[in-house]
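Participant: Chains as they are written, first to last, in the working numbering: chain A, 1 to 202; chain B, 1 to 90.
These aren't lab readings, by the way, just hints derived from the structure by calculation.
Treat the hints with care, as some may be off.
[What the hints assert, rightly or not] Mimicking SDA-like on lysine to any residue, the simulated pairs with C-alpha atoms at most 25 Å apart in a straight line are:
no. : chain 1 : residue 1 : chain 2 : residue 2
1   : A       : 32        : B       : 27
2   : A       : 32        : B       : 12
3   : B       : 23        : A       : 45
4   : A       : 32        : B       : 57
5   : B       : 23        : B       : 48
6   : B       : 23        : B       : 66
7   : B       : 23        : A       : 28
8   : B       : 23        : A       : 41
9   : B       : 23        : A       : 108
10  : B       : 23        : B       : 13
11  : B       : 23        : B       : 58
12  : B       : 23        : B       : 34
13  : B       : 23        : B       : 10
14  : A       : 32        : B       : 58
Here is how the chains run, residue by residue.
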Amino acid sequence: MTLATCCLGYNRREWAQAMQAEFIEAGTASQKLGFAAGCLIAAWREMPRHAEGRLILVDHALALGVLLPAAFLQFACAIGMTGGPGGVYGVLALVGENDPYLVNAQAGAVPILLVLWLLLGATHLRLAWALLDRDRDRVVQAGSLVAAAAITLVIMVAVLRLRGAFLGPVIGTMIVELAFVVVTSRLHERVSAESYPARLTA
Amino acid sequence: MLLLLQALSARGRQWCHGYDIMKETGLLSGTLYPLLMRMADQGLIEAEWREPAQVGRPARHVYRLTTAGAAFAQTISDGQAVAPPKALFA
Numbered sequence: 001m002t003l004a005t006c007c008l009g010y011n012r013r014e015w016a017q018a019m020q021a022e023f024i025e026a027g028t029a030s031q032k033l034g035f036a037a038g039c040l041i042a043a044w045r046e047m048p049r050h051a052e053g054r055l056i057l058v059d060h061a062l063a064l065g066v067l068l069p070a071a072f073l074q075f076a077c078a079i080g081m082t083g084g085p086g087g088v089y090g091v092l093a094l095v096g097e098n099d100p101y102l103v104n105a106q107a108g109a110v111p112i113l114l115v116l117w118l119l120l121g122a123t124h125l126r127l128a129w130a131l132l133d134r135d136r137d138r139v140v141q142a143g144s145l146v147a148a149a150a151i152t153l154v155i156m157v158a159v160l161r162l163r164g165a166f167l168g169p170v171i172g173t174m175i176v177e178l179a180f181v182v183v184t185s186r187l188h189e190r191v192s193a194e195s196y197p198a199r200l201t202a
Numbered sequence: 001m002l003l004l005l006q007a008l009s010a011r012g013r014q015w016c017h018g019y020d021i022m023k024e025t026g027l028l029s030g031t032l033y034p035l036l037m038r039m040a041d042q043g044l045i046e047a048e049w050r051e052p053a054q055v056g057r058p059a060r061h062v063y064r065l066t067t068a069g070a071a072f073a074q075t076i077s078d079g080q081a082v083a084p085p086k087a088l089f090a
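Between the sequences and the hints, there should be enough to build the whole structure, so can you do that?
Facilitator: As structure tokens, then:
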């Protein structure tokens, strides 16, 4: 019933309360379960019909369809599971290629690069979680962490004079995701202002 | 929707609870509530909160047909060709 209430959103909150009250009146445990399942289905069917519900669907699509695969892509790239000389093995292959005087520094930095890359994957998971929680502050925080980890990775690659081509797909994917997150955040602000102005001003 | 209209129409101006309508019509909650929401949006039914019969229970929603709803139910039962409110079938 709690899930159904969340899915119905602010504009249908009175209907959610009505369902809750009837749920208490439903007879046996199995009848209650059937009633709750029906309410959840009803709430899901209602979601595409209101702006808040559509936004929840967009958040889920973004988190499950974009951020989660991107997180696994980062992990796979970092540990070189994507085929070819990728990830940390690719970085090791580049050591000493451009500047033989930097061999020690480059080799020493490989574990840090690996940790940073894995951190990038982990922050993607955190971003997806915050998005599904509809916690805008945590979304901003996780988005900033993703950007910070990526920028640090790029700076380290540049300072160590490693060939940065291996970072291309990673950074490209990340820019697209963050653009999606910014767009949905804007949509959230707009829908919040339209759906429940009274709650915002309270 | 016909079942729901018939059930509410049979009760006239009497208020009834959602769970009672479910038992009477055999409709499941997943079907009943979207219909009730749509019909309320269209002004075919009216809803009101009622104090619970037992202490400690939450207030319950009750429903009945509005005048427009009753007229629509009458038209349907008379078998006249009608253009139903769009949102009900959207």
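Participant: Would you list, in rising numerical order, the hints stated earlier that this structure does not obey?
Facilitator: Violated hints: 2, 9; rest satisfied.
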